[in-house]
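Once you've looked at the hints, go ahead and assemble the two chains, each given alone in its own frame, into the complex.
Chains as they are written, first to last, in the working numbering: chain A, 1 to 116; chain B, 1 to 115.
Take the hints with a grain of salt, since some may be wrong.
[As the list claims (entries may be wrong)] Simulated coverage check for chain A against chain B, where a stretch passes if three residues somewhere in it have a Cβ under 8 Å from a Cβ of chain B: (1) 42–53; (2) 107–116.
[Unchecked claim] Subject to a maximum C-alpha distance of 30 Å in a straight line, what follows is the list of computed DSBU-like cross-link-like pairs (lysine-lysine): (3) A:Lys55 <-> A:Lys42; (4) A:Lys20 <-> B:Lys107; (5) B:Lys69 <-> A:Lys42; (6) B:Lys61 <-> B:Lys107; (7) B:Lys107 <-> B:Lys69; (8) B:Lys58 <-> A:Lys66; (9) A:Lys20 <-> A:Lys66; (10) A:Lys42 <-> B:Lys49; (11) A:Lys55 <-> A:Lys66; (12) A:Lys55 <-> A:Lys14; (13) B:Lys71 <-> B:Lys58; (14) A:Lys66 <-> B:Lys107; (15) B:Lys107 <-> B:Lys49; (16) B:Lys107 <-> A:Lys64; (17) A:Lys20 <-> A:Lys64; (18) A:Lys20 <-> A:Lys42; (19) B:Lys107 <-> B:Lys71; (20) A:Lys55 <-> B:Lys107; (21) B:Lys58 <-> B:Lys69; (22) A:Lys14 <-> A:Lys42; (23) A:Lys42 <-> B:Lys58; (24) B:Lys49 <-> B:Lys69; (25) A:Lys14 <-> B:Lys61; (26) A:Lys66 <-> A:Lys42; (27) B:Lys49 <-> B:Lys61; (28) A:Lys14 <-> A:Lys66; (29) B:Lys58 <-> B:Lys107; (30) B:Lys107 <-> A:Lys42; (31) B:Lys71 <-> B:Lys49; (32) A:Lys14 <-> A:Lys64.
[Said to hold, decoys possible] Have a look at the derived ranges for each label pair, beta carbon to beta carbon: (33) A:Glu87 <-> B:Pro79: 41 to 49 Å; (34) A:Gln29 <-> B:Ser3: 24 to 32 Å; (35) A:Val3 <-> B:Gly29: 30 to 38 Å; (36) B:Glu15 <-> A:Ser83: 43 to 51 Å.
Treat the hints as calculated values from the structure; they're not laboratory data.
Only a predicted model underlies this, so the values are computations on that prediction, with no experimental measurement involved.
We treat Cβ as the ideally placed atom computed from N, Cα and C, and that holds for glycine.
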Amino acid sequence: GAVVSQHPSRVICKSGTSVKIECRSLDFQATTMFWYRQFPKKSLMLMATSNEGSKATYEQGVEKDKFLINHASLTLSTLTVTSAHPEDSSFYICSARTWTSDNEQFFGPGTRLTVL
Amino acid sequence: AQSVSQHNHHVILSEAASLELGCNYSYGGTVNLFWYVQYPGQHLQLLLKYFSGDPLVKGIKGFEAEFIKSKFSFNLRKPSVQWSDTAEYFCAVNARNSGNTPLVFGKGTRLSVIA
Numbered sequence: 001g002a003v004v005s006q007h008p009s010r011v012i013c014k015s016g017t018s019v020k021i022e023c024r025s026l027d028f029q030a031t032t033m034f035w036y037r038q039f040p041k042k043s044l045m046l047m048a049t050s051n052e053g054s055k056a057t058y059e060q061g062v063e064k065d066k067f068l069i070n071h072a073s074l075t076l077s078t079l080t081v082t083s084a085h086p087e088d089s090s091f092y093i094c095s096a097r098t099w100t101s102d103n104e105q106f107f108g109p110g111t112r113l114t115v116l
Numbered sequence: 001a002q003s004v005s006q007h008n009h010h011v012i013l014s015e016a017a018s019l020e021l022g023c024n025y026s027y028g029g030t031v032n033l034f035w036y037v038q039y040p041g042q043h044l045q046l047l048l049k050y051f052s053g054d055p056l057v058k059g060i061k062g063f064e065a066e067f068i069k070s071k072f073s074f075n076l077r078k079p080s081v082q083w084s085d086t087a088e089y090f091c092a093v094n095a096r097n098s099g100n101t102p103l104v105f106g107k108g109t110r111l112s113v114i115a
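Bound conformation, chain B alone (with noise of 0.2 Å):
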């Protein structure tokens, strides 16, 4: 079974400071890997995705993350974050080329933005 770890719980910035978001997954085979951001009162939604090829793939709104395969890592990076991007991320995988395998959620990371 996978599992996620997100080792920030809340990380608080000032505008235009940059982001770099933990992600490590366990997974002994091949794995999607993706980004979904929460904000207020809002459901989630995709910020990025990886299937395969390319290993930074660029996002919405600014967002990237990087695959290192060797580090079971995904980790989300923005270069200069606003305030609208306070928010909360939730870093996911499933098991590729395994049909309807679900997304397994790690604990999320609330990012706060202050002026």
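Chain A on its own, in the form it takes in the complex (with noise of 0.2 Å):
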């Protein structure tokens, strides 16, 4: 139990598009989601934190106009990267909990975002 899947796991796309990516949990319910970005030879680092049917908390220095993130429901995210520049290249991890995974956060396989 506790799967998380996110699609699409690769994405190219030209600078100034914008990219949707999708994260679901499969067999539980998400009281609460995480959008993760990983640099290469880095950590995770936390963009946002999203309740179901609540706007998302976005922690400093990330910008909510070009992460725009939707829960709309108890199982699915979405991150959407407007505008994307090269820059916005990363390896981008979602991660669920639910109120009955004591703290535990489960995390969906990532998605590889390369802009052109």
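Below, the structure written as structure tokens:
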């Protein structure tokens, strides 16, 4: 149980376009979802926290207008990278928690975004 | 705010060698502690976690970790590593009893096990 999926696994886009990444909890209801960004040889950097039905809380330095997060249901959250630029190229990982998961976070497989 | 330090960036061991990966955290309150593993091309998986009780925690695949409160440490250990343990290991922490606080990760330690 506690499976989190992400789609797509890889995406290549042109500079200036927008890209949407989906994160789904397949067998549980995710009361809270988190979006992380992982740089090469570096740690996971938390971008934002979202609770179902509420606006996301963004970490300092993360542009909320650039990284749009929607958590419309208990099983789906989306991250939209708007007007993507090459510096947005990265590995984006979502994570989900449910009220019964005892603080444990379950992670998706990640999405590799490359902006040309 | 919490922070996590993992001192070893890359560890190379021979099969059957013992492993200890360091993890120190910084936070004034009570914390939950985790170790996650990321095998090549796969997503993060939980190895073990500590919330309270016995400070020596046993996880999957023969891993264990010991919480030493006085040292703010939560080092990961395995007595005999295998080639299949080659992966990236992340220590993480969040504040206990603070609602939906997310996990804060260390920078990770890459473990390479050679035959």
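Quick rundown of the hints versus the structure:
1. For the region 42–53 of chain A, the assignment as covered by chain B holds, since 6 residues bring a beta-carbon within under 8 Å of that chain's beta-carbons and 3 suffice.
2. Taking a C-beta to C-beta cut-off of 8 Å, the region 107–116 of chain A contributes 4 residues in contact with chain B, enough for the three needed, and the coverage statement holds.
3. Distance check on the hinted pair: Lys55 of chain A and Lys42 of chain A sit about 28 Å apart at the alpha-carbon level, within 30 Å; holds.
4. A C-alpha spacing of about 27 Å is found between Lys20 of chain A and Lys107 of chain B, which places the hinted pair at or below 30 Å, so the restraint holds.
5. Proposed proximity of Lys69 of chain B and Lys42 of chain A is supported: the alpha carbons are some 26 Å apart, at most 30 Å.
6. Restraint check for Lys61 of chain B and Lys107 of chain B: satisfied, since their Cα atoms lie roughly 22 Å apart, inside the 30 Å limit.
7. In summary, the hint linking Lys107 of chain B to Lys69 of chain B is supported, as the alpha carbons are separated by about 21 Å, within the 30 Å threshold.
8. Between Lys58 of chain B and Lys66 of chain A the alpha-carbon distance is near 42 Å, which puts this suggested pair outside the 30 Å criterion.
9. For the hint pairing Lys20 of chain A with Lys66 of chain A, the CA-to-CA distance comes to about 12 Å; that is within 30 Å, so the pair holds.
10. For the proposed pair Lys42 of chain A and Lys49 of chain B, the alpha carbon gap of about 22 Å is at most 30 Å, so the pair holds.
11. A C-alpha spacing of about 15 Å is found between Lys55 of chain A and Lys66 of chain A, which places the hinted pair at or below 30 Å, so the restraint holds.
12. Under the criterion of a C-alpha separation no larger than 30 Å, the hint pairing Lys55 of chain A with Lys14 of chain A is consistent with the structure, at around 28 Å.
13. This hinted pair checks out: Lys71 of chain B and Lys58 of chain B have alpha carbons roughly 20 Å apart, not beyond 30 Å.
14. Of the pairs offered as hints, the one joining Lys66 of chain A and Lys107 of chain B holds, with about 25 Å between alpha carbons and a cut-off of 30 Å not exceeded.
15. The hinted pair formed by Lys107 of chain B and Lys49 of chain B meets the criterion: a straight-line CA distance of about 18 Å does not exceed 30 Å.
16. Straight-line distance between C-alpha atoms of Lys107 of chain B and Lys64 of chain A comes to about 24 Å, which keeps the hinted pair within the 30 Å bound.
17. For a cut-off of 30 Å, the pair hint linking Lys20 of chain A to Lys64 of chain A stands: about 14 Å separates their Cα positions.
18. A threshold of 30 Å between alpha carbons decides the hint, and for Lys20 of chain A with Lys42 of chain A the separation of about 24 Å falls inside it, so the pair holds.
19. Straight-line distance between C-alpha atoms of Lys107 of chain B and Lys71 of chain B comes to about 19 Å, which keeps the hinted pair within the 30 Å bound.
20. A C-alpha spacing of about 28 Å is found between Lys55 of chain A and Lys107 of chain B, which places the hinted pair at or below 30 Å, so the restraint holds.
21. Distance restraint check for Lys58 of chain B and Lys69 of chain B: the Cα-Cα separation of roughly 17 Å lies within the 30 Å cut-off, and the hinted pair is therefore satisfied.
22. At most 30 Å may separate the alpha-carbon atoms for a hinted pair to count; Lys14 of chain A and Lys42 of chain A meet this at roughly 25 Å.
23. Taking the CA atoms of Lys42 of chain A and Lys58 of chain B, the gap is about 27 Å. The hint holds against a cut of 30 Å.
24. Restraint check for Lys49 of chain B and Lys69 of chain B: the C-alpha separation of about 15 Å stays at or below 30 Å, so the hint holds.
25. Restraint check for Lys14 of chain A and Lys61 of chain B: not satisfied, since their Cα atoms lie roughly 43 Å apart, outside the 30 Å limit.
26. For the suggested pair Lys66 of chain A and Lys42 of chain A, the alpha carbons sit about 22 Å apart, so the restraint of at most 30 Å is met.
27. Restraint check: the Cα-Cα separation between Lys49 of chain B and Lys61 of chain B comes to about 14 Å, which is no more than 30 Å; the hinted pair holds.
28. A C-alpha spacing of about 16 Å is found between Lys14 of chain A and Lys66 of chain A, which places the hinted pair at or below 30 Å, so the restraint holds.
29. Using a Cα cut-off of 30 Å, the hinted pair Lys58 of chain B and Lys107 of chain B holds, with the two alpha carbons roughly 23 Å apart.
30. Between Lys107 of chain B and Lys42 of chain A the CA atoms are separated by roughly 5 Å; this keeps the pair inside 30 Å, and the hint holds.
31. For the hint linking Lys71 of chain B to Lys49 of chain B, the alpha-carbon distance of about 18 Å falls within 30 Å, and the restraint holds.
32. At most 30 Å may separate the alpha-carbon atoms for a hinted pair to count; Lys14 of chain A and Lys64 of chain A meet this at roughly 21 Å.
33. A hinted range of 41 to 49 Å for the beta carbons of Glu87 of chain A and Pro79 of chain B is consistent with their spacing of about 44 Å.
34. Distance hint for Gln29 of chain A and Ser3 of chain B: a CB-CB separation of about 31 Å, consistent with the stated range 24 to 32 Å.
35. In this structure the hint that Val3 of chain A and Gly29 of chain B lie 30 to 38 Å apart at CB holds, the actual value being about 32 Å.
36. Between Glu15 of chain B and Ser83 of chain A the beta carbon distance is about 49 Å. The supplied range of 43 to 51 Å therefore holds.
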